[in-house]
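Take these sequences, add in the hints, and give me the full structure.
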Amino acid sequence: MTSDHATSMTGDHAVDIDRHVRVYITVFVALMVLTIVTVAVSRFHLPVPIAVTVALLVAIIKGSLVACYFMHLISEKKLIYAVLALTAVFFVALLALPIFTVSDGYWIH
Amino acid sequence: MSDPTAVTPKSHVAHEIHHEELGFWRKYVFSTDHKVIGIQYAVTGLLFLLFGFSLMMLMRWQLAYPGAALPLIGQLLGEARMPGGTMLPEFYNELGAMHGTIMVFLGVVPLAVGGFGNFVLPLQIGAPDMAFPKINMVSYWCLFLGGITMLGSFLVPGGAAQSGWTSYAPLSVIAGTGQTWWLIGMIFLITSSLLGALNFITTTIQLRAKGLTFMRFPFFCWAQFVTAFLLLLAFPPLEAAGVMQLMDRVAGTSFFLPSGLVVSGQALTNAGGGNPLLWQHLFWFLAHPEVYVLILPAFGIVAEIIANNTRKPLWGYRSMVYSLVFLGFMSFIVWAHHMFMTGMGTAMAAFFQTTTMIISIPSVVILTALIISLWGGSIRFNTPMLFATAFLPMFGIGGLTGLPLGLNIADIPLHDTYYVIAHFHYVVAPGTIFGLMAGIYYWYPKATGRKMNETLGKIHFWGTFICMNVVFMPMFIIGMAGVSRRLFDAGTAYNFAQPTMHWNAVSSWGAWTMALFQIPFIVNFFWSIRNGATVGENPWQATTIEWSAPSPPPHGNFHGSPEAYRGPYEYSVPGAATDFVPQYEA
Amino acid sequence: MDIPYTVEVRRDTGLTNGKIGIWLFLASEVMLFGALFASYILIRTGAPSWPRGDTILDVPLATFNTIVLISSSVTMVMAWASLMRRRFGTYRIYMGATILLGLVFLVVKYFEYGHHLRLGEFPSSNNFLAIYFTLTGLHMLHVFGGMVVNAYFWGPGAKLWKTNPVWFTNRVEHSGLFWHFVDLVWIFLFPTLYLL
Chain L
1 MTSDHATSMT
11 GDHAVDIDRH
21 VRVYITVFVA
31 LMVLTIVTVA
41 VSRFHLPVPI
51 AVTVALLVAI
61 IKGSLVACYF
71 MHLISEKKLI
81 YAVLALTAVF
91 FVALLALPIF
101 TVSDGYWIH
Chain V
1 MSDPTAVTPK
11 SHVAHEIHHE
21 ELGFWRKYVF
31 STDHKVIGIQ
41 YAVTGLLFLL
51 FGFSLMMLMR
61 WQLAYPGAAL
71 PLIGQLLGEA
81 RMPGGTMLPE
91 FYNELGAMHG
101 TIMVFLGVVP
111 LAVGGFGNFV
121 LPLQIGAPDM
131 AFPKINMVSY
141 WCLFLGGITM
151 LGSFLVPGGA
161 AQSGWTSYAP
171 LSVIAGTGQT
181 WWLIGMIFLI
191 TSSLLGALNF
201 ITTTIQLRAK
211 GLTFMRFPFF
221 CWAQFVTAFL
231 LLLAFPPLEA
241 AGVMQLMDRV
251 AGTSFFLPSG
261 LVVSGQALTN
271 AGGGNPLLWQ
281 HLFWFLAHPE
291 VYVLILPAFG
301 IVAEIIANNT
311 RKPLWGYRSM
321 VYSLVFLGFM
331 SFIVWAHHMF
341 MTGMGTAMAA
351 FFQTTTMIIS
361 IPSVVILTAL
371 IISLWGGSIR
381 FNTPMLFATA
391 FLPMFGIGGL
401 TGLPLGLNIA
411 DIPLHDTYYV
421 IAHFHYVVAP
431 GTIFGLMAGI
441 YYWYPKATGR
451 KMNETLGKIH
461 FWGTFICMNV
471 VFMPMFIIGM
481 AGVSRRLFDA
491 GTAYNFAQPT
501 MHWNAVSSWG
511 AWTMALFQIP
521 FIVNFFWSIR
531 NGATVGENPW
541 QATTIEWSAP
551 SPPPHGNFHG
561 SPEAYRGPYE
571 YSVPGAATDF
581 VPQYEA
Chain P
1 MDIPYTVEVR
11 RDTGLTNGKI
21 GIWLFLASEV
31 MLFGALFASY
41 ILIRTGAPSW
51 PRGDTILDVP
61 LATFNTIVLI
71 SSSVTMVMAW
81 ASLMRRRFGT
91 YRIYMGATIL
101 LGLVFLVVKY
111 FEYGHHLRLG
121 EFPSSNNFLA
131 IYFTLTGLHM
141 LHVFGGMVVN
151 AYFWGPGAKL
161 WKTNPVWFTN
171 RVEHSGLFWH
181 FVDLVWIFLF
191 PTLYLL
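Protein chains in written order, with this note's numbering: chain L, 1 to 109; chain V, 1 to 586; chain P, 1 to 196.
Derived by calculation from the structure, the hints in this document are not laboratory data. Because the structure is a prediction, the values reported are computed rather than measured. Take the hints with a grain of salt, since some may be wrong.
Heads up, simulated EDC-like pairs for lysine to aspartate or glutamate below, C-alpha to C-alpha not over 20 angstroms straight-line [unchecked claim]:
(1) 210/V - 2/P
(2) 77/L - 121/P
(3) 134/V - 12/P
(4) 312/V - 489/V
(5) 78/L - 12/P
(6) 27/V - 2/P
(7) 210/V - 12/P
(8) 109/P - 121/P
Here you go:
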């Protein structure tokens with residue numbers, strides 16, 4: 001049983017935390033702005049494919065901010081990245097493959 | 001003390017500061033010890049395997065003698081299920097659906113993963129327990145609740161689920177109450193697996209002993225590790241699908257109900273617009289990786305036993321490991337080979353056919369490596385080794401017969417016939433279950449401190465081995481003749497089926513005889529607890545870390561922390577004093 | 001018996017058991033919600049027509065709820081940061097705020113659902129409503145679950161701060177990761193259902 005005091009906190013010290021907190025506030029503001037943007041854009045009732053693309057892009061940006069900074073993914077360890085990368089591949093497969101099996105006609109004819 | 005972060009010895013201890021004696025309930029029922037939980041899982045799994053087997057033996061009466069009254073048992077089951085002792089089609093369908101569900105989710109997985117994984121994995125990596133002992137306990141009780149729900153479903157009005165273990169919509173959506181219970185039961189079982197999976201992965205990565213690098217892992221550990229990823233990432237879509245089917249059944253939604261559905265002459269009043277194929281996609285997204293969940297632990301067990309009983313290292317360990325990982329990955333992108341007949345276009349059919357052919361390669365690599373591992377070995381044919389060796393050709397038959405099913409054109413005449421049943425039973429029954437039997441005989445001494453009786457073991461083996469082939473080989477014949485599965489009358493209504501119908505009785509007698517050959521096993525299992533030959537730590541002269549612990553291991557498993565000094569299969573090392581050099585000896 | 005790496009990190013992975021455990025759990029949740037999104041895609045593309053979200057759902061109310069949930073994510077991470085700065089009192093305030101904001105979210109959803117049900121808009125009415133109720137309902141259950149865990153760490157669980165502050169901080173971080181994930185799902189749910 002190790003008693004590893006130095007590494008017992010996740011490596012952060014009080015000084016780092018102040019920097020983190022500044023980032024949290026910045027991200028919060030960005031998220032608020034992006035929320036307004038996505039709602040505002042939706043008011044234009046763009047054609048569905050464009051609306052979907054814009055909404056998805058904004059959501060991905062917002063989601064990435066939450067993941068990278070609130071969830072500290074930007075400074076996480078390789079193992080976590082590996083697990084999430086694997087999950088991402090299967091997530092995409094689950095979203096894409098079923099729709100291809102029913103829309104097959106479009107691409108072939 | 002001004003610095004609250006200073007870690008005192010007392011604050012290090014997360015729970016149980018003094019090891020006072022736990023009461024009966026905390027020690028044997030609500031235990032957080034992986035060994036107790038492993039045994040709970042194993043015993044539960046074995047009981048459900050027996051129950052699922054019994055359901056099938058009932059079915060086999062109807063299949064051998066369609067419409068005939070079953071003496072004694074027929075009366076016991078009551079007029080609602082077997083009026084005058086003859087089986088109702090609805091009851092036959094209940095038996096079929098629940099046989100599959102129980103064998104897969106309540107029998108094999110709890111035994112292979114919950115039982116063997118929990119008991120052996122921490123010991124094999126030199127850990128004191130799982131990373132999350134309390135979550136481990138919760139995962140068992142989720143399984144237990146799931147099991148009770150599934151058993152209870154037999155008693156609800158209309159009986160248990162009867163839409164196949166695959167619960168295809170729209171039939172499952174309009175089915176009786178038992179299906180709702182099935183869905184709720186599945187949610188418990190899925191939760192159990194998810195909690196177990198994250199425990200296994202964390203434990204394998206974090207709690208392995210000093211010196212135990214990944215490429216020094218026993219193959220069993222790799223197998224459980226990859227299996228855990230399959231469970232973790234493949235089960236959630238079925239959970240989502242289960243919620244949606246519950247919504248369809250209970251809240252009147254139409255996720256899986258197409259428009260314009262007419263049942264018994266009445267048009268359904270649901271909104272419609274749903275897609276039965278959506279259920280199939282979500283179901284098979286889980287169910288395909290699930291079949292690898294069924295086989296991988298067996299590969300792991302067989303690998304351990306073969307290395308041990310040939311007194312040789314495994315041949316091609318590295319390629320086996322890479323194959324295992326590749327197999328696990330591929331298993332997520334082959335699922336629609338179960339859906340070739342649903343009208344998908346040629347492009348997607350080609351995609352899934354290709355991935356399916358590719359996935360057969362790692363299986364062949366692993367099987368071949370195991371077979372080559374026998375070459376030049378000093379083979380000891382004890383009971384574990386008999387089961388492990390028989391696994392090889394049985395899995396070979398099962399695997400090879402899967403190939404035509406994975407090719408979309410060849411699948412056309414074979415889909416949903418008895419050929420499919422024969423294929424998958426070969427891989428699971430004389431495949432996986434033989435691996436699990438081997439494991440029981442192999443690790444029983446570690447768990448109990450006593451060996452099982454060899455004579456009874458050999459009777460169990462030979463009887464079961466012969467009967468397995470008597471039961472399932474004829475099904476290839478029936479299936480290739482075009483007889484569909486899930487037919488209440490076994491196909492006797494069809495002219496084209498007549499030449500092959502006599503095989504049904506052969507399979508049935510094989511099954512009933514197989515039941516008799518399980519008696520030596522059951523007797524042996526219980527008799528040996530008190531009367532088996534006592535053993536020390538390493539009765540099989542094995543090399544992996546679990547054999548350095550006492551038999552049975554105490555709470556905390558090891559005296560001190562084990563360390564790994566070499567690979568897992570250092571048998572017959574030239575120049576060594578004995579024919580094995582354990583992984584854990586300096 | 002001690003389980004190693006509960007509190008201190010393992011050197012070669014740089015991680016504690018709990019950190020790996022929670023991320024693995026979140027990976028499975030990605031697949032869970034992924035399946036529902038996949039279902040949404042299949043159902044919507046297979047439907048002859050599909051209503052635009054704002055024709056049936058209350059966008060201003062949901063926008064408010066989005067702001068509420070994002071704010072609760074900030075207070076959650078600030079709660080953990082307070083523990084890292086050894087300010088237990090501040091932690092209590094931020095964690096309390098997180099729970100309160102979660103409660104606001106749930107109350108708003110209660111009124112939202114109630115409104116639809118009163119208008120006769122049930123999950124069984126059409127597939128848009130079916131997937132709406134199912135997706136937001138499952139999400140709501142996760143919000144509730146997260147709140148229960150947070151309430152435990154605000155209340156009875158906070159005792160651990162006295163005996164093992166490092167472990168307590170880590171556990172709050174892990175429950176924060178779950179909470180952020182719940183927010184992340186909503187960030188995708190909101191435009192998908194309400195704006196498209």
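- Taking only the CA atoms, is the gap from residue 312/V to residue 489/V under or equal to 20 angstroms? 51 angstroms, violated
- Does residue 12/P lie within 20 angstroms of residue 134/V when you go C-alpha to C-alpha? Not OK: residue 134/V and residue 12/P at ~25 angstroms, beyond 20 angstroms, violated.
- For the pair supplied as a hint, residue 109/P and residue 121/P, is the alpha-carbon distance within the 20 angstroms limit? Holds, at roughly 15 angstroms.
- Message: Tell me if the straight-line CA distance from residue 77/L to residue 121/P falls inside 20 angstroms.
- Response: Violated, at roughly 47 angstroms.
- Query: Given the proposed pairing of residue 27/V with residue 2/P, does the C-alpha separation stay at or below 20 angstroms?
  - Reply: Roughly 17 angstroms separates the two Cα atoms, so the pair holds.
- Message: Can you confirm whether the C-alpha distance between residue 78/L and residue 12/P stays at or below 20 angstroms?
- Response: 11 angstroms, holds
- Query: Taking only the CA atoms, is the gap from residue 210/V to residue 2/P under or equal to 20 angstroms?
  - Reply: Status holds; Cα separation ~16 angstroms.
- Item | Given hint residue 12/P paired with residue 210/V - CA-CA distance at most 20 angstroms | Holds - the C-alpha atoms of residue 12/P and residue 210/V are around 11 angstroms apart, at most 20 angstroms.
Of the numbered hints stated above, those contradicted by the structure are hints 2, 3, 4, listed in ascending order.
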